[in-house]
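K.L.:
The lines below spell out each chain.
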Amino acid sequence: MAPLLSVEQVSKSFAGNQVLKEVSFTVGPGEVLALVGENGAGKSTVLSLVTGLLTPDSGRVVHEGAPVPRAWSPHRARAAGIGSVHQELSLNPHQSVAENVFLGAWPSRRGLVRARDLAARARPLLERVGLDIDPRTRAGRLPLGRQQLVELAKALASEPRLLILDEATSALDEEQVGAVFRVVRELRDQGGSVIFVSHRMAELFAVSDRLTVLKDGAVTATRERERTDHDDIVRLMVGRELSDLFPEKGTGTAPEPLLRARDLTVPGACSSVDLDLAPGRVVGLGGLQGQGQREVLRALFGLARHTGRITLEGRPVRLSSPRDAIRHRVAYVPEDRKTEGVHTARSVRDNLALPSLRTLAPGSRLTTVSRTAETRLVAELTERLRIRAASPAQEARRLSGGNQQKVALAKWLPADPRVLLLAEPTRGIDIGTKREIYHLLRRLADEGLAVLVTSGDTMELVGLCDEVAVLYEGRVVDRLAGPALTEERLVRASVMGTATETDTEKDTEKDTEADEPSALLPQQVAQAIDDIDDGDRPEPGSVAHA
Amino acid sequence: MSGLVAVSAAALRGSRAAWAFGVLALTWLAAILFADGFDSVSNFRYLVQTASFLGIVAVGQTLVVIMSGIDLSVSGVVALSAVVCAKVASGTGGGATGITAALALSALVGAVNAAGVVWLRVPPMVMTLATGTILAGALLVYTDGSPSSAAVPLLDSLANGRLLGVPWAFVLWLGITAVAGWLLHLSRTGRYAFALGAGESAARASGVPLGATAFTAYVSCALLAGVAGLVLLGFTGTSSLTMGNPYQLLSIASVVLGGTSILGGRGHLLGTVGGALLLTLLTALLTSWNLSEGVRQVVLGVLIIGLLLVYARERRT
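Here the protein sequences come in this chain order: Z and U. Residues 1 to 546 in UniProt numbering are what the first sequence spells out, letter by letter. Residues 1 to 317 in UniProt numbering are what the second sequence spells out, letter by letter.
Note that these hints are calculated values from the structure, not bench results. This one's a predicted model, so the numbers in the text were calculated from it and none came from an experiment. Watch out, some of these pointers could steer you wrong.
Here are the simulated lysine to any residue pairs, SDA-like style, with alpha carbons at most 20 Å apart [stated by the list, open to error]: (1) K21/Z with V61/Z; (2) K338/Z with A35/U; (3) K338/Z with V166/U; (4) K338/Z with A284/U.
Estimated spans, in silico, between C-beta atoms of each pair [claimed, not checked]: (5) D324/Z with L174/U: 39 to 45 Å; (6) H94/Z with D36/U: 54 to 60 Å; (7) L29/U with A373/Z: 28 to 34 Å; (8) S90/Z with L263/U: 15 to 21 Å; (9) T137/Z with L108/U: 44 to 50 Å.
Derived list of chain Z stretches under chain U, where covered just means 3 residues or more per stretch with a C-beta under 8 Å from a C-beta of chain U [what the hints assert, rightly or not]: (10) 70-82; (11) 490-497.
All C-beta atoms, glycine included, are put in the ideal place defined by N, C-alpha and C.
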């Protein structure tokens, strides 16, 4: 059968930097193609050529048997039946969910858009993506994951024959990912095609029929799913075996806590959270997405109004602004790195120097910033974290996600922080950089920092942390450490919202297969977990989540 | 040849401030070739002198715009400073008291602007527009609408005198530009201002002192508008309620034509100097063609839009 879409020998350069080299692949009707590669491998660029955001320098994109016209645009692509969902949200937060779903194509009657019509037409689409919400809710009030699903509903509204999911699951919890998979399979069964990009290897193996691997802007291989496995794909992606994704954990007993939080409450987000952060320990905050993890971190960095007692080295502190927190040597790497973590429009140099200006220009605020000291600082940090930038003058928005994240983290290091807070430190980052960040965090902990991490990736929490506190509706429902810290127990506590078993049960539980206890879970969640386990998820410590 | 053009075009795209000077040079050349009187030294001197009034206001405006604010009260402050100084100087006070009072009041207006923006979280456009309106009303009450004159020798020589043939006003403008340029591009405060303009939430999360930076920018801007008002008072010898009006829009236009992003976070102070000179030159050109006031304003507005389209558009993200 003729392919629905074929990309033929396309090349693309930006300012002399070739990002795509004669890339070719095809997607047939009723097929799900996974596009795999590290950050900066060219996945998003090649998809932008398909959706009309960019035009190729050479080569062509053939859609439904005909090359796409020169004046290909996102609008035309949509009209031609290509729907796409990206990691970055494009919802208008002030409009209702229904208005967003039909954005630009509101059904009208004699020129009037009727809210009730709109809501009625949006409802089946929302049900399809597993969203049980009122279509008249303002989109901005939904948590991130649900907004992402609204994006999917929006893409489905134009009834696409080809659906592109570019990191569209990165903000979703496992139940929501299950909903996306249902949509993908439904579309495939109806003869539609899907191109799927994700950094989570298990997801790729769960839904795709074929996997095309990109490395440095060129296709290295295309494999049938049955004839490949995780290790094979990772080898193709990074060109080497990646054995020690996670570093060795800390040893010995927990030292005296550095930061203690008691009864930490952020109205509407979390209540009565107790946390102890000790030097040398990496503590994780787990749970389903949006259970208050983010607000705990924001409170500790003075970005969220909170009540409760916080002590640092035994002394009570007030953290009512980021400046307070920084003064107490608390550093924060936010989830939203493009608006809070780095200044995307500023240079790498400016970004790295910003928190250190006090030392680069000592004395009053009118002091001249020392260029030589700044250059030295930037060179040191770039070297230490191996930040790949064309030059320190390069704008941060031109860096890959992984390198942006390194900048967001590196900028705090000269301030010699005692407590490091990181929200979703590896979201949307390729596996090689993930590994670097895990090892860096452990090294920093070994140097005496107290580290607190939130993550929606259970494997990351299990692999990286010494202890994980599981949040459910803003409360800590379970604390897992040592041998009790397993993916299975973490997922269970996250979805059930209770500490599951007593000490005696723990021992019998330890050797049980991961799939079995899921009978205890609500059926839908079990389904979602099964979906993910399709691709025989490996043990933590090896290379699963790419 | 085309390669050379492409390379120089790329270089120009990199620095929009350079565009301001390029367009300025071309316009000046055209003026010398096609209009009468633009080739004389005295004309040149007069031009840089009048550009200084606008330029001083525009330097202050740049400081505010870089940190993604805007100051729409500058016209009010220009008038405030001139009127207060004239009133005090012609009354009991004398020149020095007048100048001090005028500058102190200007700085106060800047502080009020900053307080509204930082503490009350009023959008800068609304806040400064409101203070500007309040100022205009207060001045009307204060003066009963009648212009007041005063001869302050210091201001007179500052506005009309020359240093080695160069108008003092221009020297003052360059001096102010140098100090503000150092503040904005070399000092820590300047880094904070750029960071704030490039993204407030990232700036906050990096520990940038948002309040202090905003206060510095708004107070400096108002203070410079006050200085411009004093120089204008010296230039004309009289003060009126409406004398600041042209500077509101033109100062913002100078900033933007100078290549600074109106959204903040990007730009260079030197570009503003080019922008102010360019706008003054265009105004003079239009005047030399004996266009009526109305037509002149229409043409100037169209020219500003045209130039913006050529090189100072916001890029899409």
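K.L.:
What are the numbers of the hints that this structure violates, sorted from low to high?
P.N.:
2, 3, 4, 7, 10 and 11
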